[in-house]
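K.L.:
Respectively, the protein sequence lines represent chains C, G and Z.
Following our numbering, the numbering of the first sequence begins with 3 at its first residue and continues without gaps.
Following our numbering, the numbering of the second sequence begins with 156 at its first residue and continues without gaps.
Following our numbering, the numbering of the third sequence begins with 790 at its first residue and continues without gaps.
Hint data in this document are derived by calculation from the structure and do not stem from the laboratory.
Because the structure is a prediction, the values reported are computed rather than measured.
Backbone N, C-alpha and C define an ideal beta-carbon position, used for all residues, glycine too.
Hints should not be assumed to be uniformly reliable.
One-sided and incomplete, this derived list gives chain G residues near chain C with beta-carbon spacing under 10 Å [unchecked claim]:
| # | residue |
| --- | --- |
| 1 | S201 |
| 2 | E246 |
| 3 | L247 |
| 4 | T353 |
| 5 | V381 |
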Amino acid sequence: MNKAKKELLLEVKDLCMHFPVQGSFFDKVRGVVKAVDGVTFNLFKSSTFGLVGESGCGKTTTGRLIMKVMKPTGGTIIFHDNETGIMEINALSNKKMRPLRRKIQMIFQDPYSSLDPRMTIQQIVGEPLRAAGKEHMNNYKNKIAAILQKSGLSADYMDRYPHAFSGGQRQRIGIARALVTKPQLVVADEPVSALDVSVQAQILNLLKELQETLGLTYLFIAHDLSVIRYMCDTLAVMYVGKIVEMGLSEDIFNNPAHPYTEGLLSIIPRTDSKTKRCKRLTGGVADASNLPSGCYFHPRCQYAKDICKIEQPVLREIKNDHQVACHFSLKLQGI
Amino acid sequence: MEDNAVILNIENLKIAFKMRQGNVTAVNDVSFQLRKGHVLGIVGESGCGKSVTARSLMRIEAPGKLLSGEINFQSKSLGKVGIQRLDPAGELIRELRWKEIAMVFQEPMTSFGPMHTFGNQISEVLTLHNKIGKTEAIEMAVESLRAVGMPRPEKLIKQYPHQISGGMRQRAMIAMALICHPQVLIADEPTTALDVSTESQILDLLAERQKTLGTSILYISHNLGVVANIADEVMVMYLGQIVEHAPVSDLFASPKHPYTVALLNSIPNIDKDYKNQKLEVLQGSIPDPYNHPDGCPFHPRCPKLIHGLCDMVQPRLLDVSLNCRVACHLYNASQKTS
Amino acid sequence: MKILQKIKSHSKSKKEGNKNYNPLYSASQWTLIWVKFKDHKLALVGLIILALFYIAVLFAPIITPYDPWEDSRYIYCPPTRIHLFHAGKIHRPFVYMENILTDPETFNRTFKTDYSKPYPIRFFVKGFEYHWLGFIKGNRHLFGVVDEVGIHLMGTDVLGRDCFSRNIRGLQISLTVGLIGVIITFILGCIIGGIAGYYGGIADNIVQRLMEFISSIPTIPMWMALGAIIPSDWGNLKVYFAITVILALRSWTGLSRQVRSKLLQLREEEFVVAAKVAGTSDWKIITTHLLPGFMSYLIVSLTLEIPKMILGETTLSFLGLGLRAPTVSLGVLLQDAQNLAAISAYPWLMISAIMVILSVLAFNFVGDGIRDAADPYKN
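Given these sequences and hints, build the entire structure.
P.N.:
Now the structure itself:
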């Protein structure tokens, strides 16, 4: 990857989403669930950035915060628009955000509930065009037909309804809808998790092709590490609302620096059962409403020492472009 | 019964669903055996019939209809019984259910009734099948929860399903399924809804219980990695038929059927750096269930299609080498008819 | 309709082996609902009954041979029998003359059939004058006989008025009161439920408490109270509309709750989030995504509200608090059937009850059918 020509597209700084936990009717707010807690990363044009983690890690919430489906409780999101320049979007009102919507689009996880069953494919895929305003409505039908074809569907399908299509085809429709306005950034929220294995592969390849032909930037959210490795150039591993490791895909998979990443890689079942792997991860994901003190991961960590129970580690760079949030990351890497 | 004896012998099973637009043959002439103490993995994508096949073993295939075929089970209490002949709502099958053939489902939240405590539900299994009192049943339930690694099982007995996490519910589900020491455990995608961390624990648990109790497991999953690590033999299904059935190491090291090959290629390898390479993708999609293709069901998508043969004649599932069966014309020459 | 033809030809072509295109793929939600609805046999029966009733109601003055308000001397006449054989030979349908004989001592009246002369039933006969739909003048009726004889398909009442004509007129009132009441319910329910569902918060709280308050008032006493305050000098039409408003005041709460809960559910659906993300405005989301989303559920609710209204009106009028004579509604007619004499001696007066039961059942069947057919996610 040509590192010299990296252009910033999105900057996320200290993003926070804290949900208040209600007590009973007479209790006031008892505490907070920090779904996303101080997340910072950058997206560069024409690259794919992965957000990976298990349930409750905050990756989906991060995606939705970037899409402005919810309002963050803290932090900033800065979008580098090719037309209007640098814009801070976290504080924008709904009205001001609307013209930007056609530049930041989303692909959803469930192909069955993300398409309105009462609209035709043409109406579904054309919705972002209609919402973008009259200037974008010229050649309406042609644009829709073109993007459907690029997504592997025939333009004849425009008059049909979603119930006529399989899961894989519906996901293609969802992709077509996300790309019809030629966005700069596409947030893909678990786009293949609900699909069969063979269909998954087709969709992943489609996403890669579309990135090459349309020059897209992806924020790819998934829980499946093998899919993340295939799709992403850079990635961030999240655990209970925080990023614990971030860097180039190659670096992280070949040399995981955080014990959690190392543990995950060790327990994922492989089809070549010949090489016996030592499982380095025990226990389940920490409970977000009852977090451990210090480093959230310490109860499961085989390298944990006293300091891990007291002080929360901060994300810092240990090598070029490789950041880890662990007190002992340098030691573990042998640096 | 000695190890490796056949306890479940399925022959030419055929199950169909009657839908508005026509009949759908969900399971089409499926034959296989399950041996004592073995784990048989069944893999396949949507519509391949793996779940329906498993459900028919307990006669819960409804609304599907078992049209023909035999399910011969070597029962402890009833001797050799043809399950296909039993009335799905009758007493005999209820005698077998849970006591000799048990099932673990994918979604633990919906398999446990939300209105009863774990103690109630698990002990109910015992009191229904054995003539023991409630107190004794509760004690046995506590022990079974301890055996699956639950911390503080005495506390768990009094809790409700919504009060604990998904992984723990699945453990409780396994405890409940194994409490009568059934001969056969059917696991229908038990870890699909769970995190990787929890999945790993549940798989370890199943393997440990299987070794200790000698239960035979029928493990259904679409996750090939999981099946590779838990199964002794693997069966690949496509559109209601078995396309390949082989010992686990053989299947993954040298897959024979083009569908198995394509399936294995479709999974991104977590240890491989793809750089600019792309996955080898299986073209097309699963055919319309109302219109199965003529001849081999896989032929429209097969890269090794033989015109005039594959699109007209259905290949039979035949032995290719020791314990390996494939349903493919490519292997006809080297097949030995069993 | 073109789609339906395509579907028919598809099932034919399926047998011929044309496997490619399933016209149901382009079928909209409504077409799919209709296809599934047809499978529901009871619902189809209900639909046919309703169609017949509404046609009868539309053409009421034409199909009824007598003026519902016209007295005659044929008091408490049992339903006229239609004969096909006279003196052993087949004849076009006809009736016999019924002579009234009064016993001079007990004043018991009996009817003696005069079998001598057949009076054939004629079609498109001239009869009493009417203003159809308010402005078309006419005097032709579907069937009838010459003046000296009577053809009373459902007998006559205490004043000799033809029950068949009165029942059809009664049906007219009962069935239309239901429709108008339901329109009012629909408007009220949608607006109020919509506000509660979409905005939530304080608005939701207020609306819900209001709904609970109104629902907790016992229905019949409330109707009775409201019915009693209708001034007795109000004209029939005014009373009629007042009744529909009273009935609607009770039923909007049910619909409102449905609208609110459906909105709350649909708001969270992924395709609504997708619409927001695409940049669609709130108003457009409500009208293009949410509203069509629960239109089918609303129609089911409304269809099931109508029988409640019919029963409500019948109850009120029966109790004397709704429509009053000379207005004819099924409830008013049932007032005449309140005594022992009606059940034992003149049972045909209770046919009005059968009309009520049939309409209520028909609406319920149709509503059930639509509800079963309306889920878009079922295959």
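K.L.:
For each hint, tell me whether it holds in the structure or not.
P.N.:
Tested hints:
Interface restraint check for G:S201: the shortest CB-CB distance to chain C comes to about 5 Å, inside 10 Å, so the restraint holds. Evaluation of the G:E246 hint against chain C yields a violated restraint, the C-beta minimum of about 39 Å exceeding 10 Å. This hint is violated: G:L247 has a C-beta 37 Å from the nearest C-beta of chain C, more than the 10 Å allowed. Annotation: interface hint on G:T353 holds; nearest CB of chain C at approximately 5 Å, less than 10 Å.
Because the beta carbon of G:V381 sits about 5 Å from the nearest beta carbon in chain C, less than 10 Å, this interface hint is met.
In summary, the numbered hints that this structure violates are 2, 3.
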